[in-house]
Amino acid sequence: MKKIGVFICHCGINIAGTVDVKAVSRETGEMEDVVHSEDYIYMCSDPGQLLIHNAIREKGLDGVVVACCSPTMHEATFRKAVESEGLNPYVCEIANIREQCSWVHQGDKERATSKAGEIIRSVLEKLRQNEALETLTMPLTKRALVIGGGIAGITASIDLADSGYEVILVERQPSIGGRLDQLSLTFPHLDDARCILGPKKAEIANNPKIRVMPYCEVEEVKGFIGNFDVRIRRKPTYVDWDKCTACGVCLEKCPVESLSDFERGLTTRKAIYTGALSENSGKPVIDPIHCRHLVDGTCTICQEVCPEGAIRYDQGEELLEERVGAIVVATGYDLFPMEKIGEYGYGRIPDVIDGLAFERMLSPSGPTGGEIRRPSDGRIPREVVFIQCVASRDPERYMPYCSRVCCMYTAKQAKLLKQKIPNSQPYIFFMDVRTDSKGYEEFLQGAIEEEELIYLRGRVARVFQEGDKVRVWGEDTLTNRKVELDADMVVLATAVVPSEGIKDIAARLRATADKHGFLTEAHIKLYPVESPTKGIFLAGCGQGPKDITDTVAQASATASKIQSLFSQDALLQDPLVAFVDPEICSGCGICVQVCPYEAREMDEYRGISKVHEALCQGCGACIAACPNNACELRNSKAVQVFGMMETFAEGAEGSLADG
Amino acid sequence: MEEFEPRIIAFLCHWCTYTGADLAGTTRQQYPPNIRIIHMMCSGAVDTIYILKALIDGADGVLIGGCHPGDCHYQTGNYKARRRVGILKEIFHQVGFTEDRIWLRWISASEGKLFADTVTQMVEELKKMGPNPMKKLWLA
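Order-wise, the sequence lines are chains A and B.
Per our numbering, the first sequence starts with residue 2, numbered consecutively.
Per our numbering, the second sequence starts with residue 2, numbered consecutively.
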């Protein structure tokens, strides 16, 4: 660069009050290759920017340094100004002489002035070696993959499809609906879960932009934002869904029964079953673990009774390849597994159930038709004990975090219990009651007052069977008394944990999960729905426990992020990324190991490493790790850093000489 | 003779310490003007050669500023910096140079005061140590 212009801002008195800007301007005017040096009261103002425009035009500048506030403030402003004069925006650099000089050295004007001069000189040195860079453009596939067909995945899919983009919705269960399908009424307005979900399911079914792939799993994900190549495995259903009319005869005639996961073990299901609740269109799958034909070939009843001849015992799995531009991970939650909780008789005493099982009991479509009955003998319970924070907020043994939904659903369940069985009495053992969203506290207070719920603050020490009762020993720490109850039923609010297999999915997506398995966001506040891997977005309980309201909001947020991504013609990428000098690279592969974004890969043919510019975030980890200095960061090359350091070293000599 | 004024070269990560240094300015924290800041995207991008060159060129101290452990914008860059600086200090120790001239500090974007205090403290410590002998050795 031979014609550099330096523009020094007074920032009112913010800079000029401490730094002698006139002296600095004179000094920089004499520096090598500087053909223009000027100071002005507010460089970022219109007249200030006009000075830059004019100087570029009149003196044919090929590089610009603006000495002003932090680059985080006005780098973009001045780069835009430079660009509008036909220069490449990357030949404009900022010297930070306000935040990191004038404002912090107000008591030492002389040294602040010489420091400002040095900062400008160092930026000049960097600028000399800057390249003109073009924003990188990458092709963009405007189709999204949504993993998980719960309310989060459903919401994201509908939002995306409504804005005109194709969506592939993958669900590993035989039908979509997720956990919401299992719930009864939802807090705080006691809307029926099925009234929330039903219309959404219908929208999905009627939207030609959405391709639902039930009973499928994501097997492999390659590529990067805008261009993911996804391999989807369609598990064998053993039923030809094209022929099946969902008449239900096979379900009736199948002789094999096993405990139903969907009904939380409160009832059984056949070895041929439909997913979630049998919508009229629900087509069945055969459970290969229990089906007698698939186990030992001793039964062919479903094949015999099927009027359409749709049963296919020999059906294999299918692998499908799809290209998508963005992925929403909405894999949802499970409750903390019963077999891992030793206390409260959970799994041993039949009348100790978890919150989701109680939801199934409350649901009109559940195994009891909405009646609350003890699983052991079918009697209607009177005294019901609810225990909150089971395996949540228990850092020593289980999960340290709060599961966020249990306080509210317990209050709701106790209220519904009281409404269904007026002479019943709910007792709720709690640690704290957390009702932190709109209308929640009012709901809780209303429930306590109207339904006479008894809240006992304290932990339960022991739950054991005595006769046909479940004895509960606990304490009420507010009155400092021991509490002993003869309960008919105990409902445990067990911890929300990420759904099974989440870590595998995270690994396949190169998304990270925390130690509990919840997917981590790129930044908890600034990028709460983005995963650290670009193009992958997070919605629902897979990211952390949350209620339906927050899940839907988050799902819509992911859709909106993807909409803005897809609204571009091509993918634009900051060009300040790593590059490799193929003459120097020895192909050791260290960069491939250190890159946190899988942006470095070996070029097997040439035996050297290469950079995927679309994936590179410009962090520089590979640059520092490269033993041969074969890779560099664009416009932050080692020679530029050296140049800056040498300027500072010269400055030090100068000051010593002065001394 | 005028008091010895040490010279510090600082490599600050974009997301935390550089922004923290900006915040020190915004909140008008005052610290001595002995520091010269070089902006890096990540503390994990600070090559050991940068630290060595700074010291050889005559800097009396080198400050590397990064995000707190676990907070790295690029997931693990600060851990890489921690290992690298740890090894470098060990080598310095072995060959008889004082490793105290190299400071690695975690300063977040909200810790403007901590940044100012760190610089102030580092200047004081370096004044006690006296000028960096390495430059003289190198030139001799």
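Watch out, some of these pointers could steer you wrong.
Listed next, the in silico DSBU-like pairs over lysine-lysine satisfying Cα-Cα at most 30 Å (straight line) [claimed, not checked]:
#, chain 1, residue 1, chain 2, residue 2
1, A, Lys223, A, Lys3
2, A, Lys110, A, Lys201
3, A, Lys562, B, Lys129
4, B, Lys114, A, Lys526
5, A, Lys3, A, Lys23
6, B, Lys128, A, Lys611
7, A, Lys110, B, Lys90
8, A, Lys638, B, Lys129
9, A, Lys254, B, Lys90
10, A, Lys3, B, Lys54
11, B, Lys128, A, Lys110
Quick caveat, the hints were computed from the structure, so don't treat them as lab data.
This one's a predicted model, so the numbers in the text were calculated from it and none came from an experiment.
Practice problem: Output the numbers, in ascending order, of every earlier hint that fails for this structure. | Solution: Of the numbered hints, 1, 2, 3, 6, 7, 8 and 9 do not hold.
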